[in-house]
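Number of protein chains: 2
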Amino acid sequence: MKDKVTFYHAGCPVCVDAQNAVEAIVDRDRFDLEIVHLGESSERLPEAEAAGLKSVPAMLTGGQMVHLNFGADVAALKG
Amino acid sequence: MKDKVTFYHAGCPVCVDAQNAVEAIVDRDRFDLEIVHLGESSERLPEAEAAGLKSVPAMLTGGQMVHLNFGADVAALKG
Chain A
6 MKDKVTFYHA GCPVCVDAQN AVEAIVDRDR FDLEIVHLGE SSERLPEAEA AGLKSVPAML
66 TGGQMVHLNF GADVAALKG
Chain B
6 MKDKVTFYHA GCPVCVDAQN AVEAIVDRDR FDLEIVHLGE SSERLPEAEA AGLKSVPAML
66 TGGQMVHLNF GADVAALKG
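Chains A and B, in that order, are what the protein sequence lines are. To convert, note that position 61 of the first sequence is 66 in this note's numbering; the numbers rise steadily by one, no gaps. To convert, note that position 55 of the second sequence is 60 in this note's numbering; the numbers rise steadily by one, no gaps.
If you are wondering where the hints come from, they were derived from the structure by calculation, not from laboratory data. This one's a predicted model, so the numbers in the text were calculated from it and none came from an experiment.
The calculated BS3-like cross-link candidates involving lysine-lysine, where the alpha carbons are at most 27 Å apart (straight line), are:
(1) Lys9/A <-> Lys59/A
(2) Lys9/A <-> Lys7/B
(3) Lys59/B <-> Lys59/A
Working from the sequences, and respecting the hints, build out all of it.
What follows is the structure, given as structure tokens:
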């Protein structure tokens with residue numbers, strides 16, 4: 006079974022740049038890459054925050070949340 | 006010829022966590038991964054700053070500098 010990389014974003018320009026970088030480098034033979042748009046899939050917010058999400062874009066892998074540059078605070082994603 | 010991912014760090018705990026994540030996910034069949042410790046290799050600082058480095062840890066790929074979390078400002082690396 007493959008390990009997983011989850012990329013969280015909100016469609017912002019900073020997010021798109023980071024997404025392009027992550028999509029480019031991830032080894033798809035060893036990792037499934039899931040892209041989650043938290044603006045459209047707000048039901049995923051609790052899971053993301055529980056895993057350490059503070060801002061987008063960010064990626065979660067091996068239980069570790071890695072924030073990539075800074076697009077938006079997670080608070081801005083809450084309606 | 007492979008593309009390149011350059012990971013810049015300064016040995017800080019935040020850097021080590023990010024390095025582990027990057028080392029885990031990068032597709033080595035398509036990318037050469039270079040790890041640069043800017044505390045030990047300060048001669049690489051000008052190149053890194055020219056490519057957009059503001060803080061460590063960060064990775065450069067496809068001409069794009071992606072800052073990962075926040076360990077230290079680049080100013081702190083200048084003796």
